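S.K.: Going down the list, the sequences are from chains A and B. Anchor point for the first sequence: position 94 equals 94 in full-length UniProt numbering, and the numbering is continuous, going up by one each time. Anchor point for the second sequence: position 13 equals 13 in full-length UniProt numbering, and the numbering is continuous, going up by one each time.
What the hints contain is simulated information worked out from the structure, not anything from laboratory work. A quick note: this is a predicted structure, and the numbers were derived from the prediction, not measured. Glycine included, each C-beta is placed from N, C-alpha and C at the ideal position. Hints may contain errors.
Under 8 Å between C-beta atoms, here's a sample of chain B residues computed to sit facing chain A [stated by the list, open to error]:
1. Thr8
2. Gly9
3. Gly10
4. Gly13
5. Leu14
6. Ser15
7. Trp18
8. Val22
9. Asp48
10. Pro50
11. Asp51
12. Arg52
13. Tyr53
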Amino acid sequence: MHCYIVPPYLLRRIARLAPESLQPAAEAARRALVRTAGLSRTRRAKVQLLSAAAPAPALPGAAQLPGPQAVPGPAGWPELAPERLISDARHTGRLPGQRVRGEGDPAAADPAANEAYDGLGSTFELFARAYGRNSLDDAGEVLRATVHYGQDYDNAFWNGTRMVFGDGDGQIFRRFTGSLSVIGHELTHGVTQYTANLAYRGQPGALNESVSDVFAALVEQYARRQTAAEASWLIGAGLFTDRVNGVALRSLKEPGTAYDDEVLGKDPQPGTMAGYVRTADDYGGVHVNSGIPNRAFALLALRLGGYAWERAGLIWYDALIGPEVGAQTDFAGFARATESAAVKRYGRESEEHAALAAAWAQVGIMD
Amino acid sequence: MRISVRRTGGFAGLSTGWAVEVGADELERDWQDAIEACPWEETADRQDQPDRYLYDIRAGERRVTLTEQQVTGPWLSLVDMTRRAAAQQSG
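With the rest of the complex left out, here is chain A (with noise of 0.2 Å):
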């Protein structure tokens, strides 16, 4: 057990100081925090502290990527660490079948269960480094995944304790592991049950998606150390097999054109409230509607420039932990969440409370 003598509220100011003679006591100060988290934890104390917080670091040998000027500071809460269970359905519907690879464990000979404990790990690293959060509950909650679900399953999901994947049918479908996006946003629907927990149904569900999609783009782009220019914004690219028209099942930047296909039809997603979709089908069109606010959340992202999981990425994520989003909340309570969150850390005369602005008018819910 460990005990700190400097209070929380002393950490967190030490923790901000940016001079750089004090930067080893502001990485000290951010450690701590960490660890004094589980003891008086509150998300506003963690959200203070993002700020503060550096961009990723360069991949091994990879050149300087164009973007915002890094923040000076430690990599992102170095002491966060994962710990993964991967398990194997056995081509079944049974939960959670049986333990194929554990955290340290080496790479197993599946290629499906060493996917997943990848894309688990990246996800993590995506909220650990940018955002301070420590797994779905911040309190390092172990990350289960299953694979080979059902027979031909052209599905994964989340059912409230783990990610479960399916292999395709592969007419249509490959395996749902061979995408780190399909990952990041089945874990992140883990987060959103762990914060604003929206429910599943109408616009709040499309939100719950959304928010899913957004921090699956962000997780592929952290991992690829790809700015918001360089992405391809979209959410489960390689999914189709060769015999289906579309290069994924969404794109947050242009909402409808992911796929044509002969057999699955056209993307249905649209990118503006003018084409709000109301149906029965899919809790209320989830799974449609949610590409209004990833559009939004792409034009800020692009408008603002440089890595998308820095200052948009943290706008959404503090809207998403703070007090203003709930079970309920539609899309433009979302929006106003977003801007609350926007003032909060950079002004009401910023020039992200501007872009957000104008991301959200043009998606048709503020004016």
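Given chain A, work out where chain B should sit, using these hints.
M.R.: Below, chain B without anything else, positioned relative to chain A:
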């Protein structure tokens, strides 16, 4: 009687469905027991799980919407019967 299953949702958000038209003799011989075995009037609280399928099942005037997790036992039998019969009718 028209018997149909419509499946929506899932991670991909794609819709699919199967439907058959059955005459009175076929209904009584092959379908009646399977339809009556389903608890159409029971509306148990359901737990919505992200990216799960949603099923809209109809048999004549009867209709129910179920989550993927609820499609077990007699419901699963009826869905599978409908899917197989629809494939035979179209094939």
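S.K.: Taking the hints in turn, state whether each one holds.
M.R.: Each hint tested on the structure:
1. At a threshold of 8 Å, the smallest CB-CB gap from Thr8 of chain B to chain A is about 4 Å, leaving the interface hint in force.
2. Because the beta carbon of Gly9 of chain B sits about 4 Å from the nearest beta carbon in chain A, less than 8 Å, this interface hint is met.
3. Interface hint at Gly10 of chain B: satisfied, since its Cβ lies 4 Å from the closest Cβ of chain A, which is below the 8 Å cut-off.
4. With its C-beta approaching chain A no nearer than about 3 Å, Gly13 of chain B sits inside the 8 Å limit, and its interface hint holds.
5. At its closest, the beta carbon of Leu14 of chain B sits 6 Å from a beta carbon of chain A; the interface hint therefore holds under the 8 Å criterion.
6. With 8 Å as the threshold, the beta carbon of Ser15 of chain B comes within range of chain A, its nearest partner Cβ sitting at about 6 Å, so the hint holds.
7. Below 8 Å, beta-carbon pairs count as interface contacts, and Trp18 of chain B has none with chain A, the closest being about 15 Å; its hint is therefore violated.
8. A distance limit of 8 Å between C-beta atoms decides the matter here; for Val22 of chain B the minimum to chain A is near 25 Å, and the interface restraint is violated.
9. At its closest, the beta carbon of Asp48 of chain B sits 4 Å from a beta carbon of chain A; the interface hint therefore holds under the 8 Å criterion.
10. Given the 8 Å rule on beta carbons, the hint for Pro50 of chain B holds: about 4 Å separates it from the nearest Cβ of chain A.
11. A hinted interface residue such as Asp51 of chain B counts as satisfied when its beta carbon comes closer than 8 Å to some beta carbon of chain A; here the least separation is about 4 Å, so the hint holds.
12. With 8 Å as the threshold, the beta carbon of Arg52 of chain B comes within range of chain A, its nearest partner Cβ sitting at about 5 Å, so the hint holds.
13. For Tyr53 of chain B, the suggested interface contact is upheld, since its CB lies about 7 Å from the closest CB of chain A, less than 8 Å.
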